[in-house]
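Visitor: Sequence:
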Amino acid sequence: FNTSLFALNLSDYVNGVTKRHSRISNELFPGYSIQAITNGIHSYTWTCPFFRQLFDRYLPGWANEPELLVRIGGIPDDEIWEAHRSAKRVLIDEVNKRTGAGMDYETLTIGFARRMTEYKRATLILSDLERLKKVNKRGRIQLIFAGKAHPHDEAGKQLIREIFKSMEALRNEIKIVFLENYDMDLAAKLVSGVDLWLNTPTRPYEASGTSGMKAAHNGVVNFSVLDGWWIEGWIEGVTGWSIGPQPEEHLSVEEARTSELDDLYNKLYYVIVPMYYERKDEWLKMINNSIGMVAYYFNSHRMMRRYVTHAYL
Numbered sequence: 001f002n003t004s005l006f007a008l009n010l011s012d013y014v015n016g017v018t019k020r021h022s023r024i025s026n027e028l029f030p031g032y033s034i035q036a037i038t039n040g041i042h043s044y045t046w047t048c049p050f051f052r053q054l055f056d057r058y059l060p061g062w063a064n065e066p067e068l069l070v071r072i073g074g075i076p077d078d079e080i081w082e083a084h085r086s087a088k089r090v091l092i093d094e095v096n097k098r099t100g101a102g103m104d105y106e107t108l109t110i111g112f113a114r115r116m117t118e119y120k121r122a123t124l125i126l127s128d129l130e131r132l133k134k135v136n137k138r139g140r141i142q143l144i145f146a147g148k149a150h151p152h153d154e155a156g157k158q159l160i161r162e163i164f165k166s167m168e169a170l171r172n173e174i175k176i177v178f179l180e181n182y183d184m185d186l187a188a189k190l191v192s193g194v195d196l197w198l199n200t201p202t203r204p205y206e207a208s209g210t211s212g213m214k215a216a217h218n219g220v221v222n223f224s225v226l227d228g229w230w231i232e233g234w235i236e237g238v239t240g241w242s243i244g245p246q247p248e249e250h251l252s253v254e255e256a257r258t259s260e261l262d263d264l265y266n267k268l269y270y271v272i273v274p275m276y277y278e279r280k281d282e283w284l285k286m287i288n289n290s291i292g293m294v295a296y297y298f299n300s301h302r303m304m305r306r307y308v309t310h311a312y313l
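If you use my numbering, the sequence shown closes out at 313, no skipped numbers anywhere.
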């Protein structure tokens, strides 16, 4: 008994949760019309207090009309930077309180927090520790991981073990933490407090993903494999950065992984780390673009309007 076919045959309207998800679903289920309504997140819920206050002052009504975030250019840069810095201080204080890791406010902070399951590939960035050390010598980085594995997901639990193994191997060079008891409160601190949001799923298994949307609402820049929602939000070097092959490149699993690893380490070393430490004005522009070109669109208000006009009426 195929529940997917059962649902397809009994539904008046069928949609995927991103354009890519829709296209792949149409390939999997030929003969059905599967449309696309890209996911969005609730803007007010996932925007940290520091940015909420800023948006309330300069963009009144934004909470009920997140499209107003496109006017982010009207907010002074120094106030945007201070809102980000405040959110980062809250996160780093929480990390140090929980772990005693001694992370600092000035270091480029990379976050990865989501379900610990195999296709999410939490440990991709830890695949070549020597290359990661070279990145760290170019400019200091610190990594924060969080997430839960299902009790019966052995591969997911192994990912967590591998993170702890890498933490030990790099303990004298790169600060890495894994935060336990991942919940919505911790997630909110993470998506607002890091500088760079990392997402490395195995293509094409990421139907959508939403954590990067939450990060963008707080001016956190995305660095992600081109899958799910990021294909629609990504403009290279403008709204964030891609990792690995383009969406339509057909590579073997090993070829794709090699491409992704090279791209990940090279962009960190040659592009991201130098920009963060040496060209703050460009980094601030990325923060602005994350809000004004990503968050303004990838929200639940836009999503629900699409469901009403395309699916429900």
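Any given hint could turn out to be false.
[What the hints assert, rightly or not] No farther apart than 30 Å at their CA atoms in a straight line, the calculated lysine-lysine pairs in the DSBU-like style are these: (1) 137 to 267; (2) 97 to 148; (3) 19 to 134.
[To be verified] Quick list of simulated restraints, FRET-style, between CB atoms: (4) 74 to 161: 43 to 51 Å; (5) 133 to 311: 27 to 35 Å; (6) 153 to 11: 26 to 34 Å.
Please keep in mind that the hints were generated in silico from the structure rather than gathered at the bench.
Beta carbons are placed, not taken as given, at the ideal position from N, Cα and C, and that holds for glycine.
Visitor: Taking the hints in turn, state whether each one holds.
Guide: How the hints compare with the structure:
no. : hint                   : verdict
1   : 137 to 267             : holds (14 Å)
2   : 97 to 148              : holds (20 Å)
3   : 19 to 134              : violated (37 Å)
4   : 74 to 161: 43 to 51 Å  : holds (48 Å)
5   : 133 to 311: 27 to 35 Å : violated (50 Å)
6   : 153 to 11: 26 to 34 Å  : holds (30 Å)
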